[in-house]
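Novice: Could you build the full structure based on these sequences and the hints that come with them?
These protein sequence lines are chains A and B, in that order. Start counting the first sequence at 1; every next residue gets the next number (UniProt numbering). Start counting the second sequence at 1; every next residue gets the next number (UniProt numbering).
Wrong hints could be hidden among the right ones.
[As the list claims (entries may be wrong)] Part of the chain B face toward chain A, derived, beta carbon under 7 Å:
1) V143
2) I145
3) R147
4) F152
5) M342
Everything labelled a hint here was simulated from the structure, so no lab data went into it. Glycine included, C-beta positions come from ideal geometry on N, C-alpha and C.
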Amino acid sequence: MAGQDEYDHLYKIILVGDATVGKTHLLSRYIKGTLPKAPTATIGVEFATRTVPLAVGGTVKAQIWDTAGQERYRAITSAHYRRAVGALLVYDVTKAQTFQNCTKWLEDLRNNAEPDIVVMVVGNKVDLVEKDPSLRQVPFEQAQAWAQSKSLMFYESSAVTSFNVKHIFEDLLQEIYTQRTKVKSDRYNDNSTQGGMQLRHNPPQRQAGCCT
Amino acid sequence: MWSDPSAGRSASLAAPPSSSAQAASGPTPGTSDPGPSSSSSSGPPKKPLVKLQRFGACFAKEAVDLNELRELLWSGVPDEADPSVRAKAWQLMLGYLPVHVERQVTGLSKKRREYRELVKDYFERSPEMRSDNENQILRQIRVDIPRTNPGFKFFGDAVMHGIMERTLFIWALRNPASGYVQGINDLITPFLVVFLASYLNKRDEDLHELEISEVPSEVLEHIEADAYWCLSKMLADIQDHYTFGQPGIQRMVLRLKEIVKRIDEALYDHLTNNGLEFLQFSFRWMNCFLMREFPMRCVIRLWDTYIAEQASGFSNFHVYVCAVFLVYWAPQLKMMDFQQMMLFMQKFPTEQWRPQQIETLLAEAYVLKSLFHSSPKHLS
Ligand SMILES: Nc1nc2c(ncn2[C@@H]2O[C@H](COP(=O)(O)OP(=O)(O)OP(=O)(O)O)[C@@H](O)[C@H]2O)c(=O)[nH]1
Ligand SMILES: [Mg+2]
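Specialist: Pasting the structure below:
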């Protein structure tokens, strides 16, 4: 057990966003490569880990906490944000309300997680708008502009087709790593850790379809 | 309700319950049937047949004696019983079915008529009349229903979805302080399974592959009304589990923490030293009354006792069951680190559990509760 469980950095990441935007499906797709066999609404928190190798060598271990989305649970859910250094803030591109609620989720994150938490906004279920563009209620540009205005990262994704699923998790991990290393090296003025430390980084795709 | 155990008792609780070893080695006849009354715990082991006869005699009286029924139901409906026994016992115990035998038929049809009125008033109104809040509740219910207990085929059926949608929506509108909260969709499932089993005269374990189209629509109508009323009774006293901030659940989690610290301090230390918080694993236990941790046959056995305890506050007793359940896994947990524990507790290896194992938990929880409460005569 110990041998395969070695890593250089441990990061706690949380999945937040309205109920049924697809948080649990994204997590399952990323961790297991498949969709949940017996999907149920998340009650409390669910926990998963994955160790991701860095292109520069070494590994990052992600401790991922999947939370419950319903409004009523928020008071309790935010108790799980403590010590989180990264968050995937998920909405559903076919439900405008789930995007509007991102403001509230962000506020919760700011109030309860680490002050320097890295947040990635994720518009999930793009497979649906691929099939029927009229289903889209949140334009890509609008969500991107909002994320930019708040200095947040942004992707669209689909747990069903796997589109961008790897990216959302691993780009987030990479950004956390970069920021933490930068802070550390700034603080200690340690030049040896600066620059060139990047995860494998393929440019994100905006259009689905090329990968399933 | 949340009275502390008297300080003088802590010595007797310093050691973990001795019976946890026994629980690990499987059910032990005789100890699985403690009953809340002193007479039943001291007598010789009861045979299922004797118990069946006692249920029969209890139902045969002109007016069912609820104290007698409570005692019987607390220690479980035997596997050998006709499926209608459990349904009847639950409905009587929850005050849904009248205790006077000659009033039962009219009582039931009155309640079912009342339910049909509720459906008209709350559900069949034109959708334009619904408030934003009501629409939001309905949306949430609709996305949760298809994600309900995938172990039974019929929970995936559109007709069953309709039943759940109506019952949950009406319950939510009539209980505005809490409204619909995710997980309440789980809580109605034992009623649906047990009442279906009763009407179809099948064992609940034989319902996994049932097709709803095999069930007469009249039966479905009855089941829907019965499940609605029984869910309402079951949740009547635990509203604050589902109101803002869920104070009822937070209290239970805290209480669980206290109890575990008292009965297995080594485990408690191990959990806390590893940075594990009780909220992280036990929130769901409280929110769904352990339903997510056990197969349905075990949940149903658990509910025999919870329904018997309903009048005296089954959520209080539930915390002791959770404590015993956690301590049951202490040997494994103590070997694990934070991550291993989180993963383990997310999916306890309970798929193969039988109702007898639940009975062992219940028996231990009963002893534990008696130790913690100054008066073991908790049933008035
Ligand atoms: N088409 C499509 N459907 C999806 C996708 N991701 C999830 N879903 C569906 O959305 C529903 C909810 O998915 P979940 O993963 O359970 O949602 P959640 O955000 O975890 O919800 P809560 O646990 O209630 O907070 C399920 O019915 C999924 O099948 C996606 O990428 N595309
Ligand atoms: Mg979920």
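Novice: Are the hints correct? Go through all of them and say.
Specialist: Do the hints match the structure? See the list:
1. Because the closest C-beta pair between B:V143 and chain A is about 4 Å apart, less than 7 Å, the hint holds.
2. With its C-beta approaching chain A no nearer than about 10 Å, B:I145 sits outside the 7 Å limit, and its interface hint is violated.
3. Contact between B:R147 and chain A, as hinted, is supported at the beta carbon level, the nearest pair being about 5 Å apart and thus within 7 Å.
4. A distance limit of 7 Å between C-beta atoms decides the matter here; for B:F152 the minimum to chain A is near 11 Å, and the interface restraint is violated.
5. A least Cβ separation of about 4 Å between B:M342 and chain A falls short of the 7 Å threshold, and the interface hint therefore holds.
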